[in-house]
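Just so you know, the sequences run in chain order L and B. My numbering applies: residue 1 is where the first sequence begins, and numbers increase by one. My numbering applies: residue 1 is where the second sequence begins, and numbers increase by one.
In case anyone wonders, no lab produced these hints; they're calculated from the structure. None of these values were measured; they are calculated from a predicted model. Here a beta-carbon is modelled for each residue, glycine too, at the ideal position from N, C-alpha and C. This list has only true hints and no planted wrong ones.
Below, a sample of chain B positions facing chain L; criterion: calculated Cβ distance under 10 Å:
| id | residue |
| --- | --- |
| 1 | GLN39 |
| 2 | VAL81 |
| 3 | LYS96 |
| 4 | THR146 |
| 5 | SER155 |
| 6 | ILE226 |
| 7 | ASN254 |
| 8 | LEU414 |
| 9 | GLY442 |
In the BS3-like style, the derived pairs of lysine-lysine whose C-alpha atoms are separated by at most 25 Å in a straight line are:
| id | chain 1 | residue 1 | chain 2 | residue 2 |
| --- | --- | --- | --- | --- |
| 10 | L | LYS113 | B | LYS164 |
| 11 | B | LYS162 | L | LYS113 |
| 12 | L | LYS124 | B | LYS310 |
| 13 | B | LYS310 | B | LYS324 |
| 14 | B | LYS253 | B | LYS267 |
| 15 | L | LYS113 | L | LYS178 |
| 16 | L | LYS16 | L | LYS124 |
| 17 | L | LYS178 | B | LYS50 |
| 18 | L | LYS35 | B | LYS91 |
| 19 | B | LYS18 | L | LYS113 |
| 20 | B | LYS341 | B | LYS369 |
| 21 | B | LYS164 | L | LYS162 |
| 22 | L | LYS55 | B | LYS319 |
| 23 | L | LYS187 | B | LYS253 |
| 24 | B | LYS175 | B | LYS363 |
| 25 | B | LYS50 | L | LYS113 |
| 26 | L | LYS161 | B | LYS162 |
| 27 | L | LYS187 | B | LYS18 |
| 28 | L | LYS124 | B | LYS324 |
| 29 | B | LYS320 | L | LYS128 |
| 30 | B | LYS319 | L | LYS128 |
| 31 | B | LYS50 | L | LYS35 |
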Amino acid sequence: MEPFQTVKSIVTPLDKVNVDTDQIIPKQFLKLVQKSGFGKFLFFNWRYDENENMKSDFILNDPKYNDSKILVTGDNFGCGSSREHAVWALDDYGFSVIISSSFADIFFSNCFKNGILPISLESKIIEKLLQETNAIEVDLENQIIKTSSEDISFEINSHKKKILLEGLDDIAQTFQYKDEISEFEEKSIVPSVL
Amino acid sequence: MGKTLFEKIWESHIVVEKQNEPDLIYIDRHLVHEVTSPQAFDGLRMNNRKVRRPDLTIATMDHNVPTSDRSLPILDQTSAVQIKTLENNCKHFGIKLFDINSPNQGIVHVIGPQLGITLPGSTIVCGDSHTSTHGAFGALALGIGTSEVEHVLASQTLWLEKPKTFEVRVEGKRKNPHAVTAKDIILSIIKNIGTAGGTGTVIEYRGEGISDLSMDQRMTICNMSIEGGARAGLIAPDQKTFDYLRGREYTPKNYESLVDSWKDILKTDSDATFDKQFILNINDIAPQVSWGTNPGMTCDVDDSIPSPDKFSNGDVNQKKGAEKALEYMALESGTMIEDIKIDRVFIGSCTNARLEDLIEASKIIQGQKVASRVNAMVVPGSQMVKKQAEEMGLDKIFIDANFEWREAGCSMCLGMNSDILSPGERCASTSNRNFEGRQGNGGRTHLVSPVMAAAAAISGHFVDVRKLDLN
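Bound conformation, chain B alone (with noise of 0.2 Å):
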């Protein structure tokens, strides 16, 4: 019988293989940043160990970085501490950093791919759960917590249990590819399979609604994998794929006969089963909009919030979690997502600040300004998306728009640094989690798509996109 593409990479890292006990895989390429090495670091000091192969690890700093002003001191000590102990312990370990200075610095899940560091076919780890955006390039991703990091570290290898195979089949095309995007898609997902849907699992997302997608868009929908409660989530490289990673400054000298190698093995055989299966059509979907405090609490945005016994289908549990969602988003059931007024807009976060995602964005913007009660801002993905957007214009359009533009890093997504909603108030983010507090104490969080949340910033609550002249 055949196999799928997730069963090939898996048997191709096999090291050491028991009866009944987990495998022991080997680890191709490993992202570290500042917040969850620490201590793995010292650990490895502790018991007087080396990292084993710093020629496949890679560092940089994203999640705990300022966004504004990078010639200035970070005032935070606390950060300013973790951040110069990944210095240290990048220099002490022998592992290649892009610092905060670095023209390659970036969200780690960002940079891997534009460098040429993903590849097809390859296992990848770092202790970020969003590892599963490198996926999109028919890469094995995971995200691993810091014992794990400190495992690979020190043996490149880790054990892990097999996980089983869903397949999640995209089919149909979108009637207006501008206003409905990658995001929401994957939201859509999310929304029928919920957040544990996909727990034990490797998604698979097949059909010529994935293969439709652009390289960027195919990362945002292996980006929020973990929001289906996934693993990882994979897509089979094709010609898009290597067309992508070929010259970029850390793509292997000897890429072409690797790409050879590549084609022919990397994808699910046609008589390969799955464990789980899960079809979605996209002819008629909506731009979608979260409404609750987990990814799976999203609506269609012409339609308003459910009420907690229709959005729970009689589980007592998941309608307590959605009354206390309402709650805590101050939202009622039957409001109409386009009534609801935003005070803030992020655009940015490793699910959506590509170059794309800024393009797409700056189109509806271009000419107009942001909303009086809205304070908006664009945190490229990385210094190189960054520069990228600069030498075509795009930051004029959004600070003449009257956006913050600011430097690369993870920001508002997580609210590491400074970046952070006040409580109470509400934002149209495009990063990947609206649980309670995720952008700060208080903050309500939206997800939508770089399109949605420019044209909320514009209007100063949500608007249906498709009713917008894209084209």
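Next up, chain L with everything else stripped away, as it sits in the complex (with noise of 0.2 Å):
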């Protein structure tokens, strides 16, 4: 995984609560057995119409939105299923940020293992990034966003931070403990299933 860098773009603004994975990607593209070419897709059913002409008025249709690199939107995004795949669309479409109120767990998670940086915040802030039209920037390494009027600090776990800004392999990481797991099986009651 590479590093997070500080991100600096317009945002674009999704102003939608509940957005759940069936929307961010279909099931029709679960199908695929690689994790790439996924940002095609990203909410394809209200990008396309049922010709897959472009919708035109669908946010992310409208080119000044094109290089934007932040996704803000509402409350209990990701929701639903636990499909990756719905990471890897956001990420493929050129998304390393995505703020809302809150995010659904299994999303949330997901994020971290594809260095997307998902951002909660308050919904009155929420409310103002919205309605933002400057670029704004994603400081990751001093938790705050740049706003032309002002500075928005963010909480972030410090494990999920080090793990984006050192761009971590988990499982390499894990792999230190492998005489923990070793130990731990030898005293584990639980049988195996053959």
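Please assemble the complex out of the two chains, which come individually in their own frames, going by the hints.
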């Protein structure tokens, strides 16, 4: 995973609550067996009509947001299915920060495995960010979002911050504890399945 | 101070504990399916890693399999490749697979308990959010993403932040338990706590209204914990739990001694406290029908669709969501639920496709015919459920009523295979999610219990099953 760098871009305001992972990446695209190339399917049913023409009224189809790396959205983003394809699609499309008033747990955890920073902020700050038309800067190191008018600080668990900043491979980290895992297995009373 | 059941399971699975960091938690059972695993196996291969404990890992194919004639080749080439990929991966990494022709094939959350793979007090993960189902047995069962699937395959552990605890106490007794089901209890809970009400928590369902339920019904409750946003759902094991798992194909040989070790421990201590609590009295609850595009948008069958104002209780965003939902569902507030006509009926999914669900639904349709406007199908949760149902003659009851009787799989719950709604079609579904396009682009889903779905199939519209003679 690439280390997370400070991001500066305009925000894409997706003013919706309870955006579920079925909307982020519909099921017909879950048949693929690779991790790449999901960006073109992001929000597929909202972006395209039945003839696969772009719907002009959907925010992502407004060319002014083409280079945006920051998605701002409403409560409970990423609810529903555990499909990591949702995060792969957001990443591949070009988003590296998602700012919302709240996230669903599995989606939130999936973000960190793919170098995407999810930031939770109070609803009233989200309301303001949804209106922000200038570029904003997200500085993870200092936990600050700089807008044209103010600096907004955000919370993040120190362990998760480290994973993103250093682009750590989770599994390699865990392998440092192989002895502890083996010790646990020796005393476990739960038998094998087979 | 005492501990909750969740805290006891968590603490007994900590491998590494550090200050202000997640705990490294040991995973006792890993269930794998074709959709969320290929990229995880690829990751192992790229890094030259093995599966640490193939003997704790079980795979099946469910999400993407056809439910029609299994002797025919799979027409959709992308699906065929994904299914073949799982076969190759299981072979390569030495994992036991119940493939499309296995008598044990089925929805992963149906076969785990049925085969005795799910055990009380254990930790279970699967790359599927409805893993919470296994919590009905007092297991801590978590849905995970593909990166975590890879992590568990490689290390049999996960770094997890300890969730908070949430007590959902279900009090009282249902007047007509054949008409008001476990599905109606869990939909009522979600309607009240909201789809994010359980975020960051593990719910423990407690009280008389829960202990009265059969194991099949308890699985329906825990299954939909994720629809309330929870990380997992739990029910303390009791005699029903222990009896259910006894003598199954993969039940451990030392089962009785395990039961002895679980009996006194696997329950919340009387002086334990929860971080959050919600109480539901079920004396007077009605069968539930969802009207919107998330499972919190649900009302009583004898009620009318609420106005966005009433539903949102002053929350502007929720109001917008409700307006959008009504538009998508082509419904108007004030419409009586019983006046809503349906085109399709789906009895299936990890929520409601177990034997008891099929038995209850069959009682409604026995000797009757599906309404001419309706196309109805039953997709048993596993090949084993299908076989048991056929031994009881249930298949004949459904087929005589003009239901389609299919092979096991996830099917139209998520519509990855060819079982989908056409745009604009309205479906009474026993599944768990009524999201936009979930069952097919433009399709409109109403979540209901199996008896409600069966009654709707016969009438062509929703009916209050409390009015029917179900005894």
